[in-house]
Amino acid sequence: MSTQLPNAPSTNGTHSNGTAPLGTALTLDQGRRYARHIILPEVGSVGQRKLLAAKVLLIGAGGLGSPASMYLAAAGVGTIGIVDYDTVDLSNLHRQIVHGHHNIGKAKVDSVAERLADINPDTRVVTHNEPISSENAREIIGQYDIVVNGSDNFPTRYLVNDACYLLGKPLVDGSLFRFEGRATVYEPGKGCYRCLFPAPPAPGEVPSCAEAGVLGAMCGVVGTIQAIETIKLILDLGVSLAGRLLIFDSLEMEFREFKVRRDPSCPLCGENPTIHDLIDYEAFCGAPVTTLG
Amino acid sequence: MANVKVPSMLRPMVGGERVISAEGGTVRDLITLVDRSHPGFAAQLMDQRSGGLRSFVNVYLNDEDVRYLGGLDTPVEQADTVSILPAVAGGRG
Numbered sequence: 001m002s003t004q005l006p007n008a009p010s011t012n013g014t015h016s017n018g019t020a021p022l023g024t025a026l027t028l029d030q031g032r033r034y035a036r037h038i039i040l041p042e043v044g045s046v047g048q049r050k051l052l053a054a055k056v057l058l059i060g061a062g063g064l065g066s067p068a069s070m071y072l073a074a075a076g077v078g079t080i081g082i083v084d085y086d087t088v089d090l091s092n093l094h095r096q097i098v099h100g101h102h103n104i105g106k107a108k109v110d111s112v113a114e115r116l117a118d119i120n121p122d123t124r125v126v127t128h129n130e131p132i133s134s135e136n137a138r139e140i141i142g143q144y145d146i147v148v149n150g151s152d153n154f155p156t157r158y159l160v161n162d163a164c165y166l167l168g169k170p171l172v173d174g175s176l177f178r179f180e181g182r183a184t185v186y187e188p189g190k191g192c193y194r195c196l197f198p199a200p201p202a203p204g205e206v207p208s209c210a211e212a213g214v215l216g217a218m219c220g221v222v223g224t225i226q227a228i229e230t231i232k233l234i235l236d237l238g239v240s241l242a243g244r245l246l247i248f249d250s251l252e253m254e255f256r257e258f259k260v261r262r263d264p265s266c267p268l269c270g271e272n273p274t275i276h277d278l279i280d281y282e283a284f285c286g287a288p289v290t291t292l293g
Numbered sequence: 001m002a003n004v005k006v007p008s009m010l011r012p013m014v015g016g017e018r019v020i021s022a023e024g025g026t027v028r029d030l031i032t033l034v035d036r037s038h039p040g041f042a043a044q045l046m047d048q049r050s051g052g053l054r055s056f057v058n059v060y061l062n063d064e065d066v067r068y069l070g071g072l073d074t075p076v077e078q079a080d081t082v083s084i085l086p087a088v089a090g091g092r093g
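Top line first, the protein sequences correspond to chains A and B.
Sequential numbering from 1 applies to the first sequence in our numbering.
Sequential numbering from 1 applies to the second sequence in our numbering.
Looking at chain A on its own, in the form it has when it is part of the complex (with noise of 0.2 Å):
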């Protein structure tokens, strides 16, 4: 389900405040804001549009979504999706920076379309303020050109790896747990998470962040990463993560890096692949996805 703010324009479930039609040339108050993207010769007028055309969703408006969109939304991506059917928490507040005080106990969802609205009004923010499932995964993801996983279960983590795959959609990933944080890019034929972790652990064996606790300042390292990814990928930038697993271990204050591979024997992006839909993947994991993270 979505909802919209009461200013929005008529666009069914967006937020937005939007400036200028995306893809045509920058307005003056575009060229001021984005004027240190656009003297970049890698960005530049062409690549700020690039960034203004872009559609990004966000699974999960938590502690890795808080900072990647924040700083996509300051970026200038024109649309940015948003799924979650949480609310705010005051426990939620020592790591997603989104969200204020005074949000506690409203929609995550509606809590950053209202952030992000102040950050930059260029950004048409789309709310799917519910849980993301095999019903409906398509159906959200389809409407956008990257994914952004915050994610913070085995379920859902499968759910998105493979609804990405199917879609052609590439995955800019991230974790964290206690002082660690991970982050990668699965880009369609380059490997997956299936790739890497074949199969998830069975419930209770791994903790969730609840359990074992999160620096939060894990969160703005991690998510910020994924937000570069993001706009690499939407300018064609640079070298992607794809194929690389980045380690961040805050205590050492060290990174480091570690081959991704595309699996052969992947069921799904493999050389004979046995997953062709989308499956259940509580019934994959052994767990609810709403019990979990």
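Be aware that one or more of the hints could be misleading.
Said to hold, decoys possible - Derived coverage of chain A by chain B (criterion: at least 3 residues anywhere in the stretch with Cβ under 8 Å from a Cβ of chain B; other residues may be distant):
id, region
1, 71 to 81
2, 142 to 154
3, 192 to 206
Claimed, not checked - Calculated Cβ distances over 10 Å to all of chain B for the following chain A residues:
id, residue
4, LEU26
5, ILE38
6, THR224
7, HIS276
Claimed, not checked - Estimated spans, in silico, between C-beta atoms of each pair:
id, chain 1, residue 1, chain 2, residue 2, range
8, B, GLY70, A, GLY44, 17 to 23 Å
9, B, MET1, A, GLY238, 34 to 40 Å
10, B, SER21, A, ASP118, 31 to 37 Å
Think of the hints as simulated: they come from the structure by calculation, not from any bench.
These figures come from a predicted structure and were not determined experimentally.
We put the beta carbon where it would ideally sit given N, CA and C, even for glycine.
Could you slot chain B onto chain A? The hints should help.
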């Protein structure tokens, strides 16, 4: 001596150590050696029935996944680093 980098999830099992140095001919030998000092360590990584790695645990020799080398029987040289990466799911919460 090779170094075994222990992920934060497993550090409580090894007295909080982040890196354990050990002498071993293969990845399996190293894990077994660590398990002798810290019983239960190997069971976190290896399937007790098959003897292979558990499906949600990856082990890297330097930057390469041992599944694409020789698995747990991959030889380990002096100064190699063996890193253990279990799946983690946190991000939204």
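So, going through the hints one by one against the coordinates:
no., hint, verdict
1, 71 to 81, "violated (count 0)"
2, 142 to 154, "holds (count 6)"
3, 192 to 206, "holds (count 8)"
4, LEU26, "holds (34 Å)"
5, ILE38, "holds (32 Å)"
6, THR224, "holds (14 Å)"
7, HIS276, "holds (21 Å)"
8, B:GLY70 / A:GLY44: 17 to 23 Å, "violated (48 Å)"
9, B:MET1 / A:GLY238: 34 to 40 Å, "holds (37 Å)"
10, B:SER21 / A:ASP118: 31 to 37 Å, "violated (52 Å)"
In this structure, the earlier hints numbered 1, 8 and 10 are contradicted, and the remaining ones agree with it.
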